[in-house]
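Student: Chain residues, written in single-letter form:
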Amino acid sequence: MNNELPLRPAPIRKRDNLFFWDGAKLEELRIQKCNCCGKLQHPPGPMCPQCLETDMGYQVCVGRGRVYSWIIPRYPELPMFSSDLVVALIELEEGVRILSNICDVAHEDIRQGMEVELFFAATQDDGKVPQFRPATQ
Amino acid sequence: MKAINDVAVAGIGQTEFSKNSGRSELQLAAECVKSALQDAGLTPADVDGLVTYTIDNNEEVDLARTMGMKDINYFSRMPFGGAGAVGTIAQACTAIRAGMAEVVVVWRAMNERSEYRFGQLDATSGMTVGGGGTSDMSWAFDMGAFTPMAWQALNAMVYMERFGVTNADFGRLIVQQRKYAASNPNAYFYQRPVTLEDHQASRWIIEPVLRKFDCCQESDGGVAVVLTSLERARDLKQPPVKVVASHGGGNGSQIATNHYAADLSIASESLVTARNLYAMADLTPADIQVAEIYDAYSCSVFYGLEAFGFCDLGEASDFVRDGHLAIDGKLPTNTHGGLIGEAYIHGLNSFTEGVRQVRKTAVNQVANVENAIVTSGWSAAILSKV
Ligand SMILES: [Zn+2]
Chain A
1 MNNELPLRPA PIRKRDNLFF WDGAKLEELR IQKCNCCGKL QHPPGPMCPQ CLETDMGYQV
61 CVGRGRVYSW IIPRYPELPM FSSDLVVALI ELEEGVRILS NICDVAHEDI RQGMEVELFF
121 AATQDDGKVP QFRPATQ
Chain C
1 MKAINDVAVA GIGQTEFSKN SGRSELQLAA ECVKSALQDA GLTPADVDGL VTYTIDNNEE
61 VDLARTMGMK DINYFSRMPF GGAGAVGTIA QACTAIRAGM AEVVVVWRAM NERSEYRFGQ
121 LDATSGMTVG GGGTSDMSWA FDMGAFTPMA WQALNAMVYM ERFGVTNADF GRLIVQQRKY
181 AASNPNAYFY QRPVTLEDHQ ASRWIIEPVL RKFDCCQESD GGVAVVLTSL ERARDLKQPP
241 VKVVASHGGG NGSQIATNHY AADLSIASES LVTARNLYAM ADLTPADIQV AEIYDAYSCS
301 VFYGLEAFGF CDLGEASDFV RDGHLAIDGK LPTNTHGGLI GEAYIHGLNS FTEGVRQVRK
361 TAVNQVANVE NAIVTSGWSA AILSKV
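Here the protein sequences come in this chain order: A and C. Residue 1 is where the first sequence starts when you use UniProt numbering, and the numbers rise one by one after that. Residue 1 is where the second sequence starts when you use UniProt numbering, and the numbers rise one by one after that.
The hints are simulated quantities; they were obtained by calculation from the structure and are not laboratory data. Since the model is a prediction, treat every value here as computed from it, not as a measurement. Where is the CB? At the ideal position from N, CA and C, for every residue including glycine. Don't take every hint at face value.
Stated by the list, open to error - So these bits of chain C aren't anywhere near chain A, every CB distance computed over 10 Å:
#1 G41
#2 D62
#3 E102
#4 A153
#5 N186
#6 R192
#7 A201
#8 E231
#9 I266
#10 L271
#11 M280
#12 A286
#13 D287
#14 T361
Stated by the list, open to error - Each pair of labels, with its calculated beta carbon distance range:
#15 P134(A) x D312(C): 32 to 40 Å
#16 P239(C) x S83(A): 55 to 63 Å
#17 H107(A) x R65(C): 48 to 56 Å
#18 G57(A) x P285(C): 45 to 53 Å
#19 T166(C) x Q137(A): 30 to 38 Å
#20 P79(A) x P239(C): 51 to 59 Å
#21 P239(C) x L40(A): 28 to 36 Å
#22 L52(A) x R234(C): 48 to 56 Å
Work the whole structure out from these sequences, hints included.
Tutor: Okay, structure coming up:
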């Protein structure tokens, strides 16, 4: 029986990123897409830097990417996170980069360019966050 | 109005650097400014411009009142925290050249160790202490990257992967900087040099990028600089040090926190600054005899050496290994011990070290200094002998 509460903090919700975290709750990784010119951008913002329109939508990612950078925060300790936390920059197949975590892999096996796939982890306050693990195929 | 072309540093001052100053940040600010004005042979009544940079908790008006300053005609506060440290000098130069102010004081004064733990996670708020001056870091917080060390290391890991650099390469820089600090009585690490083995034995802060010895110390203290026209500085107490300064344009993201730029193995913002600075000064890297390069972390110096043209991209580790940062090397660097060895007064104490090198009053004095460079992220200055 697993009655542990998810310890990691709930995502920081802001006016310009609500769609992202609402999507995560539904296990969708949403990347902001300009409804006017189609430009994808992350982190999202209130205006498209390419056409200066404010009509912003999103695209749901397929959930595949490659590792660009990764680190293991050792100090200060982060009691709210897993003790083998890996923070990573992931280049999504859609061509944008996001900050996330890499899970289910030994630290020494992580490589730049490694293919990873998306899953979601629960947080406090019924939230979910996008996470990555080595691609299964 | 008479045209002013050249601006000079007329005075520098500081408090002691410690882990517990025992007095308010406002008092530290007033003391370091007093010391800089006395160094210049000026009084608070002469000051008509005040410049600092974000994350300083002192209000300009409080400092002016505390010291009995009169009419202040020019205020400015640079963005980007420590990356704006030398940007303050560009602001002061611009104001003086434009005739908006005649005597500008730049300061930084903080109790970032004794009053709060700068850059550490505040468990109650879930935010980073002193985290102002950055772009939106909520995306990093959500994933467990809470400190400036973690943010910077995400970039540096890309650099290390691309050029085959290891943490021991960063360690060789630390050994050199701690050697400088060991002979600097103002340094926290005075008389405490380290070996590469000591460095490699210090605990990981962010594995596999930064160990404890790769990171600057949280410090209490204040540093101030007085600038005026070269013409007026010639009549003051100290030999003037001429300033050329530039604040980079970049691409709207702070270096330490820009995780979305195309290539994180280069400091693209600093490249813009370097180009502007050398063009303004009509100098090249070969004309520089000593460098004070922003070193909140060891890896920042590698980026700085390459961006400001002292070695080719990816070659900083060889440059360090070959001893070029030593007092008799090609480019003695961070000669006070750096922010890592002396104290973390957010880069302004590296600027004053550059001034001392040109004045020939540094404890680790480099021979024949004509031009010194001081950088802080994407702002930088060249200081020249008059
Ligand atoms: Zn658009």
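Student: All the hints need checking, so say for each whether the structure fits it.
Tutor: These are the hints, each one checked on the structure:
1. G41: holds (46 Å)
2. D62: holds (32 Å)
3. E102: holds (41 Å)
4. A153: violated (5 Å)
5. N186: Label holds. Min Cβ-Cβ 27 Å, cutoff 10 Å.
6. R192: At roughly 21 Å from the nearest Cβ of chain A, R192(C) sits farther out than 10 Å, so the non-interface label holds.
7. A201: Given a closest Cβ separation of 14 Å, the condition holds.
8. E231: holds (45 Å)
9. I266: Holds: least Cβ distance 14 Å, greater than 10 Å.
10. L271: holds (20 Å)
11. M280: holds (29 Å)
12. A286: Nearest chain A Cβ is 33 Å from A286(C), so the label holds.
13. D287: holds (35 Å)
14. T361: With a cut-off of 10 Å, T361(C) remains clear of chain A, as the shortest Cβ separation is near 38 Å.
15. P134(A) x D312(C): 32 to 40 Å: holds (35 Å)
16. P239(C) x S83(A): 55 to 63 Å: At 57 Å between Cβs, range holds.
17. H107(A) x R65(C): 48 to 56 Å: holds (54 Å)
18. G57(A) x P285(C): 45 to 53 Å: holds (47 Å)
19. T166(C) x Q137(A): 30 to 38 Å: At 33 Å between Cβs, range holds.
20. P79(A) x P239(C): 51 to 59 Å: Hint holds: Cβ distance 55 Å, inside 51 to 59 Å.
21. P239(C) x L40(A): 28 to 36 Å: With a Cβ separation near 56 Å, P239(C) and L40(A) fall outside 28 to 36 Å, so the hint is violated.
22. L52(A) x R234(C): 48 to 56 Å: holds (50 Å)
Violation of the numbered hints given earlier is confined to hints 4 and 21; the remaining hints are satisfied by the structure.
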